[in-house]
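All chains should be modelled from the sequences, with the hints used to inform the complete structure.
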Amino acid sequence: MVAFKGRALVKGFAEGEAVVVNEISFYGDVDPETGMLFDGRSLRDKILVSYKPRGSTVGSYIIYALKMNNVSPKAIIMSSSEPIIVAGCVLSGIPLVDGINIKDLKTIKDGDLIIVKEGLVLVNE
Amino acid sequence: MSVHLDRYAERILNGEEGWAKAKALEVIVKVGEALGADGLVKIKHAHISGVSYSNIGDAGLDLIKKFSESGARFSVPATVNPIGFDLEQPEIFNVDEKYFNKQKEILEALRKMGGDLILSCTPYDVGVIQKYDLKIGDHVAWGESNAVVYANSVLGLRTNREGGPLALMAAISGYTYNYGMHIEENRVPEIEYIVEEPRRGFNEALAGVLAEAIAGVHELETPPLVRVNLTKRLYIKEFFAALGAAGNIAMTYIPGLTPEPLPDNWKPRERVAVEAFILESRLDSLRPKDPKDIDLIYTGCPHMGAEELLELYVLVKSVGKVRKKFIVSIPKSILFDRRLLSIVDELRSLGVTVVKDTCLVVSPLKLENLKILTNSYKALYYLSRKGAKVYLAPLEELVLAAVLEG
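In order, the protein sequences belong to chains E and Y.
The first sequence begins at 1 in this note's numbering and counts up one residue at a time.
The second sequence begins at 1001 in this note's numbering and counts up one residue at a time.
Quick caveat, the hints were computed from the structure, so don't treat them as lab data.
Careful, some of the hints might be misleading.
Here are a few chain E residues that face chain Y, going by a calculated C-beta distance under 10 Å [said to hold, decoys possible]: (1) Arg7; (2) Leu9; (3) Val58; (4) Gly59; (5) Val90.
Cβ coordinates follow ideal geometry from the N, Cα and C atoms, glycine included.
This is how it looks when you write it as structure tokens:
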């Protein structure tokens, strides 16, 4: 087990499998009805790990829609967050951790079991 | 670093002013925290973008409704950006009943919270500054990138680009995070762009291409200082709109136009020369090869003001009736002026489709594979992304293309 310490922008506890997306723009990359990524993977009940968020202005609403449709990730972990994703996570109460460096994030693989507790990220390979 | 809160902001966050204000301010504080802001600023006005049903869908509608139905009221005056269709002529935009009703629901929710439904992307052109007494140095929270650049660069208002729900959250809470353009020193340019005058002077299409060139190289967060001779309001609007579309720029400093003085003994860290032939050849590459083939001509992005409308009228009148589909988007406030209303009527009788409340960028009109000619770089940028083949030329050439048989 590995532990990383980040900053809990939206506090909370979550436990689930990792889905790693290098760059993500919620608008265009995710279907808000199903929680499916453009490449066929699902975000539902997963822990989304993303290195670089791209902030399309509608992104906040997409995150909110994912939550309302019960297909949202349980938590989001990224190296640095940007305003549209922060707004989306606050509005939908999805735990958000940033401030973990990309090198550490890159050790996380799809399917790793992750526990998010405040700013602490525990990874079980 | 944490975001410093004044006592009223603390009250709000503690829920003493209700759920909506608490949630809205929480969003503002967290975004501020993420960006490393040290505190909040009280705002005097908000301009809310992201209100077209085409853009925000059911998710946006649900969220706006949730705030509205909770009894939330805007803490400051707030104006609203264009929607998906002209409220009086929805048929032009092929909207079905469902779309129509959903868009109306969004509007109704915003109106209930106190929104001023100007439905225009040019709040600076429709009396908002006077109505809400906005002055140099005032802090505001504006969405809509062209208006943000105009506000910072010409009006001396202070605003970041508050996209998505951020202007809405600012309107509800009355605060935004103290960051970026709200901080004096960030408004001082460091790089000076000296722009060579094109052979026949600037027009709005060249102004758009100039903005594209600057947005492509300017990486600092401080505003680019641009020495350029933009002689018409239209050129300035198109320059700002293109800066907002092609880049992340929130302000540009134009000597003679920007009201804030530069610090004493200001000197640029770096000077960049922009040669006219580069702009001219870029524009040539965007011009239509064969104007006869154009399916649709579009102007009014950003919304056309009175001056531009008069110019368009004179041009169209000089060629007689237009023979191609020709759409012009204006703010509804134009129609409140009897003289301008009669010009709109004349334009319509000459075959021009004049629409208010909306624009091609935020409407649900299907544009795939259409060949569109516009004088707006911003329209070119966004309509290309909707699958249209878009060409750029100044207004005179739009009108000339409009009389060619296809």
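Results for each hint:
1. Arg7: Holds, because the Cβ-Cβ distance from Arg7(E) to chain Y comes to roughly 8 Å (cut-off 10 Å).
2. Leu9: 5 Å, holds
3. Val58: Constraint on Val58(E) satisfied, holds at 6 Å.
4. Gly59: Check passed: Cβ of Gly59(E) comes within 6 Å of chain Y, closer than 10 Å.
5. Val90: 5 Å, holds
Taken one by one, the earlier hints all hold for this structure without exception.
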